[in-house]
Amino acid sequence: MHFLSDPLHNDFMVRAFVAATLIGLVCSITGVYVVLRNLSFIGDGLAHASFAGIVIAYLLKFNLYLGGLIFAVVTALGIGAVSKKSEVSLDTSIGVLFTASFALGIMLMSRVRNYVVDLQDFLFGNILAIDRRDIFIVAVLVVLVLSIVALFYKELLFASFDPITAAANGIPIEALSYLLLVLLAVTIIVSLQAAGIVLVAALLVTPAATAYQLTNRFGWMMFISACVGVVSAIVGLYASYYLNVASGSTIVLVATAWFFLAIALSPKRRSLLTALLEARRTAAKVR
Amino acid sequence: MDHDHTHVLPADVANPREHSHTIAPAGRHLHAHAGHRKEIDRPVGERMSEAVALQGVCAGYFGRDVLDEISFEVAAGDFIGVIGPNGSGKSTLLKVIAGLLPVQCGSVRVFGRAPDSATRRMLGYVPQIESVNWSFPVTVFDAVLMGTYGRLGFFRRPSAADREAAHQALADVGMSEHADSQIAQLSGGQQQRVFIARSLVQHPKLLLLDEPIAGVDATTQHAIFTLLEKLQKAGATIIVTTHDLSCVAEWFDRVLCLNHRLIAFGPPSEVLNAQTLSATFGSHVLFGTAAS
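Going down the list, the protein sequences come from chains H and P.
Each residue of the first sequence is one higher than the one before, starting from 141 at the first, in my numbering.
Each residue of the second sequence is one higher than the one before, starting from 42 at the first, in my numbering.
No lab work stands behind these hints: they were computed from the structure.
Where chain H lies over chain P, by a calculated footprint (3+ residues, C-beta under 8 Å):
(1) 158–168
(2) 175–184
(3) 191–205
DEER-style ranges, computed between Cβ atoms:
(4) A315/H with G128/P: 21 to 31 Å
(5) G128/P with A221/H: 24 to 34 Å
(6) G220/H with G128/P: 20 to 30 Å
(7) L199/H with D157/P: 42 to 52 Å
Covered stretches of chain H (in silico footprint by chain P; criterion: 3 or more residues with CB under 8 Å from a CB of chain P, positions within the stretch not fixed):
(8) 286–295
(9) 309–323
(10) 352–360
Cβ coordinates follow ideal geometry from the N, Cα and C atoms, glycine included.
Can you make the complete structure from the sequences, with help from the hints?
Printed below as a string of structure tokens:
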């Protein structure tokens, strides 16, 4: 049992566990919509877009997360507007906007001499550096995002499955799309501390993609995704403690391991295991 | 405007403005609509309370008009087939009636009023089955229950009565035994029936179906049309798009030929001729005319 309790003697590890659990939860819940609506690229896009805001906030000695949040939300709303007005696909408008915002961040960062120390955490995440006040903010935002998802559960479900009919039945699908983008932006900013700009998309996509392999029910997909997200965060943090490696990347790799396990065991299709056994049997017959 | 096709229009729709006096306040309309429910085989040309009226409607996407000055009226209780080649604006027409797409010019009236939240409640919409992801993690029953969501409004969960209505709708389309199946396991015809069931949960007065017989076998096609005819007898107005001409003469009261412009609108016997069909589909598609 010392194995499990040892890391918890350090205050910074306790804070990291609390934060990682909250972040794992909120990412895996909103990630369900990301996977079912094919928005994987958006997670990556919004994270990158936030970078300009973070650097600007850094230069102006302003709250870095607030700076990142403003840029992510503005980009989220801009993505919808650009793709609507200009006839280009959502993917393309994300590609244009997020790289532009990221480039702005890099350009401004090149003016800062000591950026390596301060801004690197935003690129790769450093959950061990989270302080008490950050945890409080993360908790409030996570509760907010999850409450909104719960309140609009049935509308988000209908609009995700069949937007045309949902609209014909009077569900405001456009407003819901923007709401979802803003929720994603908040989720991503909250999660930067854990995984950083480069890896945060994995926290959104991998647990939900794992759950998608294992169930045919929307509610169950959310539940399984949440379990995978939280368990990956905790297991990943323990592993990073004992292996003395970076926490964000370890959490992502643990979630990825669950994903491949789920593919192998998925009841939805002929599992990889039976496929392998059958292949061996056929091979034996041929011989 | 180029009106060189007006000569194929049946007399009573050639100039819909003549009938504009038939537009009545919504309340009176619904009342009148109920009174005409059983009367399907009325003589052509007799005006009834209208369910849908379009006047000079242009609509499209990104500034390109897909529909060009469309005018017609659909009487309450009619079973209408909209035919035309792919990309001729059939789906766009349904979206305009459903209020999903704003019109660039002209006006749309559904039961006497511009499409709004009140008309949405009277309307059942069945999209093309390719428009959704069928590997989405919901069961047949979950999908049908979504038919109650719009009317429920925000923050309310479906009640026992709503669930009962969803079960009833599944029974109506003969899909009860598939209630717990995942939607990915369904055949094309079963998918169509699930979507029809979802639209029936709301007891619509106007049903709009986008290609409901695309990719289904002859037996299922017959089953779907029999079901729609039953709904029509119960009082519903039904508008169906199809590019399959084989079923047109057998099932529809009136046929609307569309190719961006309204080519013709009238009973199958009047509309299904070589001239109209070549104007609709282009001169190479004439094998469907045998039906008339």
